[in-house]
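Engineer: Could you build the full structure based on these sequences and the hints that come with them?
There are 2 protein chains.
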Amino acid sequence: MSDPISPTFEGDYLLTQQGPFKLFSGATLQPAQLHYSIYGKLNEKRSNGVLVCHALSGSARVADWWEPFFQHNAVFDLSRHCVIGINVLGSCYGSTGPQDTDPVSGKPFGHSFPLLSLRDWVRSQAILIEQLGIRRLHAVIGGSLGGMQALQWAIDYPDRVARAIAIGAAPLTAMGLALNHLQRSAIRTDANWNGGNYYDGAIPLSGLALARAIAMCSYKSAELFEERYARNPNRNGEHPELSMEDRYDIGGYLDYQGAIFTRRFDANSYLLITKAMDNFDPATGYRSESEALSRIQAKALMVGISSDWLFPAANIRALTVRMQEAGANADYVELESNHGHDGFLADLDRMAPIIRQALE
Amino acid sequence: MSDPISPTFEGDYLLTQQGPFKLFSGATLQPAQLHYSIYGKLNEKRSNGVLVCHALSGSARVADWWEPFFQHNAVFDLSRHCVIGINVLGSCYGSTGPQDTDPVSGKPFGHSFPLLSLRDWVRSQAILIEQLGIRRLHAVIGGSLGGMQALQWAIDYPDRVARAIAIGAAPLTAMGLALNHLQRSAIRTDANWNGGNYYDGAIPLSGLALARAIAMCSYKSAELFEERYARNPNRNGEHPELSMEDRYDIGGYLDYQGAIFTRRFDANSYLLITKAMDNFDPATGYRSESEALSRIQAKALMVGISSDWLFPAANIRALTVRMQEAGANADYVELESNHGHDGFLADLDRMAPIIRQALE
Chain A
1 MSDPISPTFE GDYLLTQQGP FKLFSGATLQ PAQLHYSIYG KLNEKRSNGV
51 LVCHALSGSA RVADWWEPFF QHNAVFDLSR HCVIGINVLG SCYGSTGPQD
101 TDPVSGKPFG HSFPLLSLRD WVRSQAILIE QLGIRRLHAV IGGSLGGMQA
151 LQWAIDYPDR VARAIAIGAA PLTAMGLALN HLQRSAIRTD ANWNGGNYYD
201 GAIPLSGLAL ARAIAMCSYK SAELFEERYA RNPNRNGEHP ELSMEDRYDI
251 GGYLDYQGAI FTRRFDANSY LLITKAMDNF DPATGYRSES EALSRIQAKA
301 LMVGISSDWL FPAANIRALT VRMQEAGANA DYVELESNHG HDGFLADLDR
351 MAPIIRQALE
Chain B
361 MSDPISPTFE GDYLLTQQGP FKLFSGATLQ PAQLHYSIYG KLNEKRSNGV
411 LVCHALSGSA RVADWWEPFF QHNAVFDLSR HCVIGINVLG SCYGSTGPQD
461 TDPVSGKPFG HSFPLLSLRD WVRSQAILIE QLGIRRLHAV IGGSLGGMQA
511 LQWAIDYPDR VARAIAIGAA PLTAMGLALN HLQRSAIRTD ANWNGGNYYD
561 GAIPLSGLAL ARAIAMCSYK SAELFEERYA RNPNRNGEHP ELSMEDRYDI
611 GGYLDYQGAI FTRRFDANSY LLITKAMDNF DPATGYRSES EALSRIQAKA
661 LMVGISSDWL FPAANIRALT VRMQEAGANA DYVELESNHG HDGFLADLDR
711 MAPIIRQALE
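Protein chains in written order, with this note's numbering: chain A, 1 to 360; chain B, 361 to 720.
Keep in mind that the hints were calculated from the coordinates and are not lab data.
Owing to the predicted nature of the structure, the values given are computational and were not obtained by experimental measurement.
Built from N, CA and C at the ideal position, the CB exists for glycine as well.
Each hint should be verified, as a subset may be incorrect.
As the list claims (entries may be wrong) - The calculated label-pair distances, taken between Cβ atoms and stated as ranges, are:
id : chain 1 : residue 1 : chain 2 : residue 2 : range
1  : B       : A674      : A       : K41       : 32 to 38 Å
2  : B       : P391      : A       : S243      : 22 to 28 Å
3  : B       : R595      : A       : D12       : 43 to 49 Å
4  : B       : P391      : A       : N194      : 40 to 46 Å
5  : B       : I487      : A       : R350      : 44 to 50 Å
Structural biologist: Put into structure tokens, the structure is as follows:
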């Protein structure tokens with residue numbers, strides 16, 4: 001059960017629901033398998049579970065993307081906390097996704113994979129958490145899409161979450177919806193897209209790379225780009241002023257980010273997950289946002305990132321105020337960071353004390 | 361010579377240079393034909409010429425895109441000013457561009473069209489202005505790429521420009537370079553791109569539409585998008601929460617903007633012009649930016665737009681300070697507008713008095 005990546009890793013598991021999993025839309029998904037990872041051990045009362053929800057391209061392997069939080073007990077103290085990561089349905093990291101075989105057709109689901117919502121992800125996770133014998137989570141934590149899940153947990157399962165920590169998360173603005181729309185368009189523009197049924201042929205790599213490159217611009221701040229890349233020519237020695245193909249450094253960076261992403265992510269998963277992100281709205285399935293927020297019993301911490309333009313800090317602050325007005329015990333903290341939205345992954349030294357304190 | 365669009369329109373002309381036009385890069389262009397439009401009349405001394413430079417997708421027909429500036433003498437008083445518009449080389453509105461026939465190959469230039477720079481555009485315009493017998497322009501004005509031309513004019517031909525008015529123009533930041541790079545990638549991702557040689561086949565429409573949609577996000581402000589589109593479903597009655605294809609209103613808007621753009625613009629022109637925009641740097645061809653800026657003799661007005669995130673007002677203010685430090689007579693004004701970069705086209709009521717005053 002030991003793992004080379006993290007000495008504290010306890011194991012990787014799969015939970016498969018027998019029978020169809022009913023989705024919020026009314027559609028069903030079968031099979032519905034969840035990949036999850038456990039770091040540390042559940043205590044006797046099973047009261048020390050900390051569910052860490054991943055963002056768009058993350059996985060159940062929390063220590064793969066929040067590794068420093070495990071070092072020197074920076075945030076997670078595995079002598080006290082049992083950290084659980086669960087890959088969301090529709091992703092490509094072990095839970096059922098569009099690349100898996102649809103037992104009805106015998107072919108990959110592809111573009112016929114049903115639409116998913118935050119409510120589906122959280123309900124599937126709640127079933128898993130129940131299977132683990134956890135009546136109430138010590139905390140649910142996440143950044144970006146992970147933060148949306150933390151909020152959705154606090155709304156949908158108020159008595160099963162003691163603390164909810166959501167970083168850089170709120171319903172997307174019109175600009176955020178625009179950027180996700182462009183990313184999906186990029187994938188669909190690819191010559192190999194083939195309506196999402198590309199698993200037995202060429203993969204829409206350049207579309208997915210472009211989607212990622214667009215996303216990277218929204219994850220980072222203009223200041224950070226200026227600081228790191230400015231107007232420098234690409235570092236491999238290109239001459240952007242002399243040739244149409246030669247790039248500035250920022251172009252080389254974006255192309256590289258796009259290319260490495262295509263080696264690890266699936267285009268249909270990208271569509272499904274960005275679509276769920278688009279549709280995140282606390283009011284979903286309730287009479288109003290206020291009714292939804294009034295359900296929250298967890299101590300909630302909302303974290304805005306000062307230079308985040310995808311989920312502007314002001315919007316997260318405003319959402320916190322609406323939570324308070326609905327009667328929730330919610331606090332707002334702002335992470336001072338020039339990393340933009342990615343601050344929750346990149347500025348961990350500043351992030352750590354905020355989360356550590358909220359876990360007490 | 362009358363024109364239905366504008367009662368003050370005097371005429372459309374073509375100027376063709378005999379022999380090759382030498383470009384700043386060392387390459388040559390042949391033929392080099394400029395399409396230009398004249399509104400009003402040159403006075404006897406030919407001292408009332410106002411050159412209005414267009415932005416990325418504009419044309420020589422100034423009254424087509426700055427129409428309100430001609431009404432009621434809002435900005436241009438054609439009893440006093442003679443307004444001249446010149447389509448930039450490489451564009452697709454009458455001046456020589458990649459869709460034209462290369463006399464050497466007998467086929468459209470396509471992707472083999474030489475790289476252009478701001479210096480080339482301005483030099484070709486200076487030749488034309490000389491042909492018109494204008495020794496010194498009363499003013500050169502432009503927004504965005506047009507503003508870059510106005511600045512380049514003041515630098516390259518200091519004694520031939522009395523006033524230079526540049527709105528929302530400065531060298532692109534790393535974020536701006538990133539966004540242009542993504543737009544060119546979108547075009548190249550299109551299945552019909554064919555290395556830019558698509559004139560006798562299918563056109564890379566979806567790539568060009570996506571490029572335009574990305575650009576629209578950078579031309580507008582997040583506030584304006586929020587005000588106009590918020591999280592509303594597409595106005596034609598789509599259900600983004602129920603279907604992968606259904607869109608939010610902002611998605612419908614961007615798709616529409618992309619689609620109408622493909623009817624009026626050429627993908628190779630788009631690449632050439634965004635590339636020239638990338639490469640705009642006052643220092644080009646001089647020892648330093650400071651040396652270049654010290655050449656300016658025109659009274660210069662630099663206009664920043666408060667909500668512009670493509671050319672942030674702070675950068676335009678900073679450039680103005682560097683102009684002043686280099687000894688130029690430069691002023692800075694900020695247009696308060698929530699329209700973003702497009703404020704120079706969209707917020708004309710506020711823009712008009714600023715330019716009108718600068719023209720005195």
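Engineer: Are the hints correct? Go through all of them and say.
Structural biologist: For each hint, the structure was consulted:
At about 52 Å, the CB distance of A674 of chain B to K41 of chain A disagrees with the hint of 32 to 38 Å. Judged by the Cβ atoms, the range 22 to 28 Å given for P391 of chain B and S243 of chain A holds: they are separated by roughly 23 Å. Remark: the range hint 43 to 49 Å for R595 of chain B to D12 of chain A is upheld by a beta-carbon distance near 46 Å. Our hint of 40 to 46 Å for P391 of chain B and N194 of chain A holds, since their Cβ atoms are close to 43 Å apart.
Range check, I487 of chain B to R350 of chain A: Cβ separation about 57 Å, and the 44 to 50 Å hint is violated.
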